[in-house]
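S.K.: Residues per chain, in single letters:
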Amino acid sequence: MAEVSRFDVAKAVFVKDLRVEIRSRVLVNQILPFSALVMVLFAFALDATNVLTRVAPGLIWLAVLFSMIVIVQRGFAVESADGALEALQSAGVDALGVYWGKWAALVVQLVVLEVLLVATAVLLYGVDLRAEGVVLLVTTSISATCGLAAVGTIYGGLAAGVSGRETLLPLLVLPVASPVLIGATRAVEAALGTGGTAISEGWPWLGLLSVFAVAFGVGGSFAFGPLIED
Amino acid sequence: MTTITPQSLEVPARRRGTGTRATRIIGLATIVMIGWLAVFGLLISPADRDQGDSVRIMYVHVPSVWLAYLAFIVTAICSAIHLFGRRHSLGVDRVAGASAEVGVVFMAVTLVTGMLWGRITWGVYWQWDARLTTTALLFISYIGYLAVRGLEGTRQQRARRSAVIGLLVVLEIPLVHWSVRLWRSLHQEATVLGTDLDVSLDGLMLFSLFSGVVAFTLLFIWLVLHRSRMLTMIDLAGERALDEALASRISEGGEKRA
Numbered sequence: 001m002a003e004v005s006r007f008d009v010a011k012a013v014f015v016k017d018l019r020v021e022i023r024s025r026v027l028v029n030q031i032l033p034f035s036a037l038v039m040v041l042f043a044f045a046l047d048a049t050n051v052l053t054r055v056a057p058g059l060i061w062l063a064v065l066f067s068m069i070v071i072v073q074r075g076f077a078v079e080s081a082d083g084a085l086e087a088l089q090s091a092g093v094d095a096l097g098v099y100w101g102k103w104a105a106l107v108v109q110l111v112v113l114e115v116l117l118v119a120t121a122v123l124l125y126g127v128d129l130r131a132e133g134v135v136l137l138v139t140t141s142i143s144a145t146c147g148l149a150a151v152g153t154i155y156g157g158l159a160a161g162v163s164g165r166e167t168l169l170p171l172l173v174l175p176v177a178s179p180v181l182i183g184a185t186r187a188v189e190a191a192l193g194t195g196g197t198a199i200s201e202g203w204p205w206l207g208l209l210s211v212f213a214v215a216f217g218v219g220g221s222f223a224f225g226p227l228i229e230d
Numbered sequence: 001m002t003t004i005t006p007q008s009l010e011v012p013a014r015r016r017g018t019g020t021r022a023t024r025i026i027g028l029a030t031i032v033m034i035g036w037l038a039v040f041g042l043l044i045s046p047a048d049r050d051q052g053d054s055v056r057i058m059y060v061h062v063p064s065v066w067l068a069y070l071a072f073i074v075t076a077i078c079s080a081i082h083l084f085g086r087r088h089s090l091g092v093d094r095v096a097g098a099s100a101e102v103g104v105v106f107m108a109v110t111l112v113t114g115m116l117w118g119r120i121t122w123g124v125y126w127q128w129d130a131r132l133t134t135t136a137l138l139f140i141s142y143i144g145y146l147a148v149r150g151l152e153g154t155r156q157q158r159a160r161r162s163a164v165i166g167l168l169v170v171l172e173i174p175l176v177h178w179s180v181r182l183w184r185s186l187h188q189e190a191t192v193l194g195t196d197l198d199v200s201l202d203g204l205m206l207f208s209l210f211s212g213v214v215a216f217t218l219l220f221i222w223l224v225l226h227r228s229r230m231l232t233m234i235d236l237a238g239e240r241a242l243d244e245a246l247a248s249r250i251s252e253g254g255e256k257r258a
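Chain order of the listed sequences is W and X.
Residue 108 in the numbering used here sits at position 108 of the first sequence, and the numbers go up by one each step.
Residue 111 in the numbering used here sits at position 111 of the second sequence, and the numbers go up by one each step.
These are computed hints drawn from the structure, not numbers from a lab.
Note that the structure is a prediction, hence the values are computed from the model and not measured.
Honestly, I wouldn't trust all of these hints.
Said to hold, decoys possible - Each pair of labels, with its calculated beta carbon distance range: (1) W:Val122 with X:Arg86: 36 to 42 Å; (2) W:Leu41 with X:Gly19: 27 to 33 Å; (3) X:Arg155 with W:Arg6: 28 to 34 Å; (4) X:Ala245 with W:Leu41: 22 to 28 Å; (5) X:Ala22 with W:Leu37: 41 to 47 Å; (6) X:Asp243 with W:Phe222: 47 to 53 Å; (7) W:Gly126 with X:Trp122: 35 to 41 Å.
As the list claims (entries may be wrong) - Among chain X residues calculated to face chain W with C-beta under 7 Å, some are: (8) Thr135; (9) Ala136; (10) Leu137; (11) Phe139; (12) Leu146; (13) Val164.
Cβ coordinates follow ideal geometry from the N, Cα and C atoms, glycine included.
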């Protein structure tokens, strides 16, 4: 039999995850409505429109974090339900390939989520997108998403197949993800010009987000194998 | 028919508890040093010119934060030894766990004493200062680490998982600190009083602080020794219960066949 490369494994896992999503529509039917609901609830809690416009970038990323927890739980519940991860291990499938595949699928789902949340902020909170900030907005979202997905996949893998994971996952993921919340919020504030912030103020934060994504991408690549193997 | 009684089932009667001569000496020294610290910190050392008596909080606050960081460094080193060492020793893993538990307690003491000091000095319990925020996030992260240690699974699984998490937290610390510093430096307006305790320390104050560090270090060593032995005993007790259950099942099977 031909040798299956790490890249092939990653691709297979990635395609499989997206196929599961397209057929089950959990993201579209449950998680996206949940995140839109979170945005509405923020509006109830904070009341005034001018406050909402001011804090919109932070609320978008908070909603991303909360929804990501749900997506990760779902993504690994699929794996542990039929002992799929264990089956992959006994078949000698490369753990790193599985990590990259799960990571890529999570990135795609988070990007869909972020597009929806930015649209919600524009519609409900009266946020204005400015043309000159688009590059910063897009690059920030990509690097923040890569970092978040790396963290989410590591801890999702840890919690897969262990009882009590539903409650443990947020406790593990949220403190680690807090630099992304801080960095991405400031960078998006700069991109949107919230409170008169200049675009140039956003770039240092992009640096932080990129370092975070690389650190946890590399860290996760090393950690994932030992975490899931028995 | 013969009944199976594995050697491991025999209860060693000679020692119960986790104390040895060494830990008893360390324990005594700890008590003496804490008494010493109380006398110097509360009675002999002078009140600060600006902060008054609240400066005495420092004699507990500063040693406890140092010890918390030391505890987390010990956890990280033990995690690395477990993960990369050839033997994947469970003993090292238990020291990592014991040290993290003690570190979390010291960190809680740090946060509580810091908040009390802040209330007196700044008028508020909390400031969103970089160091405070990093410390709080670190505290939560190690609570997460301890939660991972409590997950079900074999002891080897527990050790490997928690070693990986122990090292990931180390990766997290500089990133959290960097982001929070950047955040505060851009957004913080005027600080009432810098969080740096840049008061010039009087000789007696410095001595009291030093006594605090010695007392807390002894306390740390004593607690970690006892706690890691305790964890060993918990593991042994679990093993023995399993052996007993197995032995009784085997003898049941034997009786049926007979």
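S.K.: Each hint should be assessed against the structure and marked as holding or not.
M.R.: To see whether the hints hold, each was checked on the structure:
For Val122 of chain W paired with Arg86 of chain X, a C-beta distance near 57 Å fails the hint of 36 to 42 Å. For the pair Leu41 of chain W and Gly19 of chain X, the beta carbons lie near 54 Å from each other, so the given range of 27 to 33 Å is not met. Taking 28 to 34 Å as the suggested C-beta distance range, the pair Arg155 of chain X and Arg6 of chain W conforms, at roughly 31 Å. As the Cβ distance of Ala245 of chain X to Leu41 of chain W is approximately 50 Å, the hint placing it in 22 to 28 Å is violated.
Separation of Ala22 of chain X from Leu37 of chain W is about 59 Å and departs from the stated range, judged on CB atoms against 41 to 47 Å. Taken as a hint, the range 47 to 53 Å is violated for the pair Asp243 of chain X and Phe222 of chain W, whose Cβ atoms sit roughly 36 Å apart. Separation of Gly126 of chain W from Trp122 of chain X is about 37 Å and conforms to the stated range, judged on CB atoms against 35 to 41 Å. For the restraint placing Thr135 of chain X at the interface with chain W, the shortest Cβ-Cβ distance is roughly 12 Å, beyond the 7 Å limit, so the hint is violated.
Interface restraint check for Ala136 of chain X: the shortest CB-CB distance to chain W comes to about 9 Å, outside 7 Å, so the restraint is violated. Interface restraint check for Leu137 of chain X: the shortest CB-CB distance to chain W comes to about 5 Å, inside 7 Å, so the restraint holds. Here the hint on Phe139 of chain X is broken, as its CB sits about 9 Å from the closest CB of chain W, past 7 Å. With a cut of 7 Å, the hint placing Leu146 of chain X at the interface with chain W is violated, because the nearest CB-to-CB distance is about 10 Å.
For the restraint placing Val164 of chain X at the interface with chain W, the shortest Cβ-Cβ distance is roughly 5 Å, inside the 7 Å limit, so the hint holds.
Violated hints for the displayed structure, listed by number in ascending order: 1, 2, 4, 5, 6, 8, 9, 11 and 12.
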